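Asker: Listed below are the residues making up each chain.
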Amino acid sequence: MDIDALTGCFASAACLVTQTTSGLIIGMLLFLVAVGLTLIFGVLKVVNFSHGAFYMFGAYFAMTAYQLSGSFALAMLCGAAGTAILGLIFERVFMSRVYGNDVLMQLLVCYAFVLIFDDVVKIVWGPEFRSMGMPTAFQIPPLFIAGGVVPPYYLLLIGVALAVAAVLGFSLARTRVGKVIRAAAHNPGMVSALGINTGLIYGGVFALGGMLAGLAGALAAPVRSLTPGMGFSVLIESFIVTVIGGMGSILGALIGALLIGLIRSFGSLGFPLFTEGLMYLFMVIVLVARPTGLFGKEVA
Amino acid sequence: MTELQAERGGDLSAPPIDVKSKRLRYIDLLIAIAAFAVLASLPFLFSSKALLDFVIRCAAFGLFATSLNLLVGYTGMISFGHGMFFGLGAYGFGLIMQRTGVPVPVAFLGTLVLTAVVATAIGAICVRLKEIYFAFVTLAFQMLIHSIILSWVSLTGGDQGLRGGIPRPKFLGIDPTNHIHLYIMSCALLVIGLLLMRQIAQSPFGYTLRMIRDNASRASFIGIDVWRAKLTIFVLSSLFASTGGIIMCLFVSGAYPEFAYWTISGEGIFINLLGGVTTFLGPMVGTVLLLTLNDTVTRLTEHYGIVLGIVILFFAIGLRKGLMDFAVEWYEARRGDKERAP
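From first to last, the protein sequence lines stand for chains A and G. Going by my numbering, the first residue of the first sequence is number 1, and it counts up by one from there. Going by my numbering, the first residue of the second sequence is number 1, and it counts up by one from there.
So that you can see chain A by itself, here it is in the shape it has in the complex (with noise of 0.2 angstroms):
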């Protein structure tokens, strides 16, 4: 524990704004993962346990596609699109087929998908780390803002975050698509007698959440290195995320994203060795306190 770097931080602005920087990359990462997982259960009422591998292959498709063309919004593309087809697939193929059974039956199926897509990665990108290597277009001398150092990236990966959470936000509360998914997460059967396609709504918020997972691994492609299992630790802390915020609430998730980069960031500074028990132990506050998270509902 190191409680007097914490303290010194806090009196040095350059400090505040490195470690505010650094937290809000992570929380920005993590809101992109954890609003796919919230999304797909507000609608679909499963809990994708197999959510870190769409991160995952998000960063490997970026990678690929980085090296193959040399263009960085092609990887960026490829890494949200690809997995975007991939949750589709998934969701059609074999997640549609548990729906309706307990919720043991989901998390086996995912935790089935988590160990066969490591191994794939495994094989075709091999074991060992990865790394994507910044685009050239980024490799310009960071930004000083108070004395803190922010590398540029990261204000484009924090732009881009913050402009998903809008545009979803503004698009579930307002087009018609969104209140369609919003009728389906609150009852599939009356949409359903409506005329509406209900199993292309779930293939589509899959698909979705597959996506915001795909482009969140390709945004971190550059910045941090590439495994098979990558997904895992990022899926953990989504998960605590979405369950500080709030099941279900997409709001809850940008919160609960914000609040853990910032724990992680700070708390790498005052207690390096416990900075993920830090997590958990808030998220544990935070449920003792509220059960269904800072924004979330009763569940019926």
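The reader is advised that the hints may include incorrect statements.
[Unchecked claim] The list that follows gives simulated cross-link-like pairs (lysine-lysine, DSBU-like), each with its CA atoms no further than 30 angstroms apart: (1) A/K179 - G/K130; (2) G/K130 - A/K45; (3) A/K45 - A/K179; (4) G/K321 - A/K45; (5) G/K170 - G/K49; (6) G/K321 - G/K130.
[What the hints assert, rightly or not] Selected chain G positions facing chain A (Cβ under 7 angstroms, derived; list incomplete): (7) F136; (8) V137; (9) L144.
FYI, nobody ran anything at the bench for these hints, they're computed from the structure. Since the structure is predicted, the reported quantities are computational estimates derived from the model, not experimental observations. Glycine is no exception: its CB is placed at the ideal position from the N, C-alpha and C atoms.
Add chain G to chain A, keeping to what the hints say.
Answerer: The following block gives chain G in isolation, referenced to the frame of chain A:
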């Protein structure tokens, strides 16, 4: 019929059930003794050390998985953090032996007391939560304990685990360093543990748990304290999981962070699915299946995940139930056919 008569009616029909369950308990005891006799005779029939190792691992994981079934199958509480008690058993026992040098039985009891205290504290928080939240909070506690083990290096050795061997002094004429003695002891613990859990499952309390699983609000209406019953079974099952951890600790003469990692819980759930949660011995069958599968697959291919994943999919999407569930249904269907036939 008045309420009083209804109550009497209930009393009148009660004795036959009691008689039946008492007879069943003798049968349980006989089966347990027979099973122990068979297991104990194995070392004299086969000289394979690998077979004995396999049975010891089955004992450790079998106790763990069966105790998880008390939660998942009997009470409907899907715990995704049951492995924390397995890890706690291994670390608790290992630490007590390394630090204090008390005799094995004392350390054993000490570990169980420690587990009970921790399980009561965690259970008190968790058991009031519903299905999926319960699963996640237990998972979070599991990871909390795992990160405590990793970060408290001076006590637990961090990611290296408890090294330097666990002292295993002789007690009551049993020498845990002797492979055969350790084997017999593990078998005894397994059989006693299973018998005790069977008693819990067949007791009135066990039937209360089934009722809570089927309809918690109705159970609460007839005056059952659901929270207390759930907490009780949470703590009881943690004790058996901890015993599994103790066997593992004695077997490998150490304790490693993987024992407290979430994958142990995942495997426990998987074992339960594999064997089936509707029969008492389902998890035991699942344990033998999974360990056999593990050993064969890792010997044949390095793509362990793909093979295991496909097997899980086969059970989850294909059969939709465990092997024992399947066997029981098949047997009952066949018997039904026979009875219908003239």
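Asker: Take the hints in turn and mark each one as holding or not.
Answerer: Each hint tested on the structure:
1. A/K179 - G/K130: At roughly 28 angstroms apart (the allowed maximum being 30 angstroms), G/K130 and A/K179 satisfy the hint.
2. G/K130 - A/K45: holds, 14 angstroms
3. A/K45 - A/K179: holds, 17 angstroms
4. G/K321 - A/K45: Answer holds: G/K321 to A/K45 is near 21 angstroms, not above 30 angstroms.
5. G/K170 - G/K49: holds, 21 angstroms
6. G/K321 - G/K130: With Cα atoms ~23 angstroms apart, G/K321 and G/K130 stay inside 30 angstroms; holds.
7. F136: G/F136 check passes; min Cβ-Cβ to chain A is 5 angstroms, inside 7 angstroms.
8. V137: Constraint on G/V137 satisfied, holds at 5 angstroms.
9. L144: The hint holds - G/L144 has a Cβ within 7 angstroms of chain A, the shortest such distance being about 4 angstroms.
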